[in-house]
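Q: Below are the chains, spelled out letter by letter.
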Amino acid sequence: MSLQKELDLRDLASIGEELHGFAAQLYPICRSITGNGLRKTLQILQERIPMQTVEVPTGTPVFDWTVPKEWNIRDAYIRIPGGERIVDFQQNNLHVLNYSVPVHDTMPLDQLRPHLFSLPDHPNWIPYRTSYYKSNWGFCLSHNQLQALEDRDYEVCIDSTLEDGHLTYGEYYLPGRSIDEVLISCHSCHPSLANDNLSGLSVATFLADFLSGRDLRYSYRFVFVPGTIGAITWLARNRESIQHIRHGLVLSGIGDRGGFHYKKSRRGDVEIDRAARHVLKHCSESPEILDFSPYGYDERQYCSPGFNLPVGCLMRSVWGAFPEYHTSADNLDFIQPTQLAQSLRVLATIVDVLESNRRYQNLNPFCEPQLGKRNLYRLTGGGSIGTEINACLWVLNLSDGEHSLLDIAERSGLPFSAIRDASDRMCQAGLLSVSPEKENHKKSITRAAGAEADV
Amino acid sequence: MSLQKELDLRDLASIGEELHGFAAQLYPICRSITGNGLRKTLQILQERIPMQTVEVPTGTPVFDWTVPKEWNIRDAYIRIPGGERIVDFQQNNLHVLNYSVPVHDTMPLDQLRPHLFSLPDHPNWIPYRTSYYKSNWGFCLSHNQLQALEDRDYEVCIDSTLEDGHLTYGEYYLPGRSIDEVLISCHSCHPSLANDNLSGLSVATFLADFLSGRDLRYSYRFVFVPGTIGAITWLARNRESIQHIRHGLVLSGIGDRGGFHYKKSRRGDVEIDRAARHVLKHCSESPEILDFSPYGYDERQYCSPGFNLPVGCLMRSVWGAFPEYHTSADNLDFIQPTQLAQSLRVLATIVDVLESNRRYQNLNPFCEPQLGKRNLYRLTGGGSIGTEINACLWVLNLSDGEHSLLDIAERSGLPFSAIRDASDRMCQAGLLSVSPEKENHKKSITRAAGAEADV
Amino acid sequence: MSLQKELDLRDLASIGEELHGFAAQLYPICRSITGNGLRKTLQILQERIPMQTVEVPTGTPVFDWTVPKEWNIRDAYIRIPGGERIVDFQQNNLHVLNYSVPVHDTMPLDQLRPHLFSLPDHPNWIPYRTSYYKSNWGFCLSHNQLQALEDRDYEVCIDSTLEDGHLTYGEYYLPGRSIDEVLISCHSCHPSLANDNLSGLSVATFLADFLSGRDLRYSYRFVFVPGTIGAITWLARNRESIQHIRHGLVLSGIGDRGGFHYKKSRRGDVEIDRAARHVLKHCSESPEILDFSPYGYDERQYCSPGFNLPVGCLMRSVWGAFPEYHTSADNLDFIQPTQLAQSLRVLATIVDVLESNRRYQNLNPFCEPQLGKRNLYRLTGGGSIGTEINACLWVLNLSDGEHSLLDIAERSGLPFSAIRDASDRMCQAGLLSVSPEKENHKKSITRAAGAEADV
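Residue numbers (this note's numbering), protein chains in the order written: chain A, 728 to 1182; chain B, 728 to 1182; chain C, 728 to 1182.
It is worth saying that the hints were derived from the structure and are not from the lab.
Remember, it's a predicted structure, so these values are computed and weren't measured experimentally.
Treat the hints with care, since some could be wrong.
One copy or any two copies: either way a pair holds, since identical chains are not told apart in the list.
Below 30 angstroms or equal to it, Euclidean Cα-Cα: the simulated DSSO-like pairs (lysine-lysine) are [stated by the list, open to error]:
hint, residue 1, residue 2
1, 861, 1008
2, 732, 767
3, 1100, 1008
4, 1008, 796
5, 732, 861
6, 861, 796
7, 796, 767
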């Protein structure tokens, strides 16, 4: 049975609630690109999937970058000296400029102001800002809060540490029949932001759990990495094994009410690009397919020219294109159980396509075989045929060893599942056999490996 | 002179009447995929063209199929025992389920009902239904007739035979200068249905007659075969010679008032696909070009993956897409003399393209040749040039041995006839010569022949 | 600094006035495909650029053509014998059929009428008509003038000479670092017609002057030739050197108020086609890109199949598509200083693209390089990035030695200048290096040269 059908037989509504609950469990943690918030997040994921975590020491060179010092934070606030907290990290971890160096001082508003970030267009929301690679400290607050500040002295405190430590990432490998693998990558560094990217973390974790223990064609590798530096670190440590990546997806922002967006890989026409487009067309309303661009999530690294991996990015609303992006309004109300569950279903359907997409050979290629004598055709002629017979005719006609099932689905306009079911029926009837797989490995990897010495 | 011009010099209106009269002569005959109705139909065609008929014995294996028993019918009816006929084969041969086994019995309505076919949405029309490969008997009747039947006993009689005999088809071969050939195929098995396919039979017969006795570039092969099993039988008996098919057309449903539809070959971009599209664009209103699909007429067999022949299908209204399809409303009023004549003209124009489409070489390829000194240009400069000179400039510019006249017609937007006439003028002026023909044979046939042993 | 930026720092309005003044200086001269009007025109151009002129004797064979006799004219008129001039060449040189043989006679209106040309649809305008290759004489006059002629005798006089002499053309070669060259070609044979083609002559002359004395990647060759016969003569005399033409533009009709039109080369996708399309898209409103056709200006000759040069044609309004075309209404009011200056700017921007378009190699192809540590990235994360960083990311991602800067500009949707500036920044940062140039010479020239012997 296909994964999609299996999911449909379960209660999608309760799966959605469970996904949302999982995201809610992760929501309060103050994550960053290193540190204990990130570690705790991965521990919670490990309660569902037997994932490994990797600790990479500060100072490790990773391509053009270096693993930074580890950041941890206990508390942060602004207050009138001796008074109550005006801005309080304990209420919302977005209040602190992520990766702020420690500070404890009293200063007038004029001196404090360059360290304050707000959103004049959304005066009730707190922005999310970071300063990973430039030593700085700061507070993010609502514009209303900022404007209410009187011109006087304030006590500012950021009780953080920036010390030699580790960058932590999680990796879960599900071996399949082939060493060729499917990569699913999520960034796991954002603090209390629900769509970006607790939605991705939750759905990927549930998908990993759903795939566990199955007899799979491909191996599946789930990586949960801090954005940019984490993906770069993972790539630097896995230059040998990435040659096995046949298909890949970056997941982010898949819990909001927006329609699906799929951003194509740099290559633009690889199988994951076509599978994602096909599934979204048949399983969702008004999906949009975006061309690759070198800005976005970690597909930037996977699709850098030296790797050029077949990795696309699945989203609902696109980063930067919705007002709640990188603000406190990207909260648990912004993501919905129904949307989370549908995203899981779409992913399962994409996996269905990847698992079943093959080329077949029609064993009776001269004229149509007589389906009727095999009880595979209607009995009375003259009327119209249905989708099942139509799918069989398409499979027979195009199964010449050149066309894959996905090719046939696209050319016929029928959903992949109908084409796959027809190919199953034709195989059972002895009319079709699997073609030997074409050597499809990414030559660019070999080229990349050769080029490495020059860098 | 082109065939199109020659037709235009005749009286197209009277040709249309003659075509309609020919269809009317064929209309009453009860055809099927075998039997005397089919034989009589081919005999009437032979009055116009010296066609051969071939009789293939029952039981002959043809690929995955077997030539069935021969079906003949003398009479059929339903009546109240001893009363008048309520449903009468003598009034309309659609009343009998085609290929019904013999039956003579009296039975209550309940027992009869599973053998009755009607069309609730069109209560006055009789459907056309068949049961070639499943032993059954039945009657087709209007829904009004069905609903008027009282709950009582009926005498049912189908005086048919299903015995060892033959499948009959007709074939007319017109040799040309080349053994490369153009295939024109029509199904000839439908009983009293005018558009589907007496229109195809009539127009093909007239085209064959019109081409007879001419000096032709290609050889032309007209085949009149029962649908599916007939095309399969013909292909099975002609596996050697089909390698000569350079272009092919299945003709069906070309007499009704609908606009033209051309369904492309499985390959989708062969010369017949481009020629048909070009001619329809310039010679008809709002033609539609359809992608290949494995459902339809006998292009299903010609375009099966083992053959993959360059055969498209020319229609007006598309099978199954008009309400009269496979009903008694597809009668002689449904097809029109004007439409039949225009279909003949379109076919003649397609043949014009195939006959004249070649590559030429500009013998003065450096700069334009001076047309003026050859009296091929306007005398006074400064104003605009006309289509004739424009066509000459296009022919000269693109005749580099790579572009065919059809390429030039498509790129220039001019009709093929204007481009062909310009190439004639340029040849006469010594400015152009024919390029050697490119080897264009279908490699897939060789592959198919090699693959046959495995089947 | 780019040529475009340099122009923008000057006063474009005054450049426009200067261009218009230059056209006004050329306007009164009676040019033709040979003769003193053409010579005088080239002399005026030589006051601005150190151009060579070439004199080719009458009778010289040039491919399929022959250099014609030289035509000169002193005077021409129609008058009532002994009365005032009714039609007077001194008032407008369009009044004489260009290349008229001499005539001095008195004749009745009936005999004169076949020699008179007018425009009934524009009764105040004088048409421009020629008779280069058919011996004839005639007068062009407004339709109002024609209709006012009484039925009586007229004295007609055309004081012209058609004698052995020369065809004159101008050529200005600006050597660059490479012998590969950019061809700019204008026809220079039209008498008092401002847009067609004093606009082209003026803008090309100013561009040549603007490029003079610079360190250029390509060599630039400006040719000012009489239409058709002049381009043919130039090609016949330069068959060796045209192999160096990498890009070319024919300029005509670039002074009127119409939007830009670029007509693609016969090849349709060469670099000049893409550069012109890109620049027009980013630097002008509603530009239109036209497919190649073998009618138009001298691109007809450059793109004849034996040469097939990468030469397109830049226009505003298209020949024959505006009512003033080839009439006295194509006068100095019809062209505008603003439009002439903008055309010069567009050309300079196209030259900018050609000069800078190269392929680069990302020297850190594995993952993104860390722009932040090189002060090439924003300091605080979480918000949006601007065009500058975006352009850098595109350049880094696609600089794999395969994509040119123009490829990157087109794929990113950013203007070429932003991409070029980004590539400069990345080179300075040591992140990018120039790829070796691909061998890009026109194989067709070699083929053409080989084919010549057969003609």
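Q: Find the hints from earlier in the document that the structure breaks and name them by number, from lowest to highest.
A: Hints 1, 2, 3, 4 and 5 not satisfied by this model.
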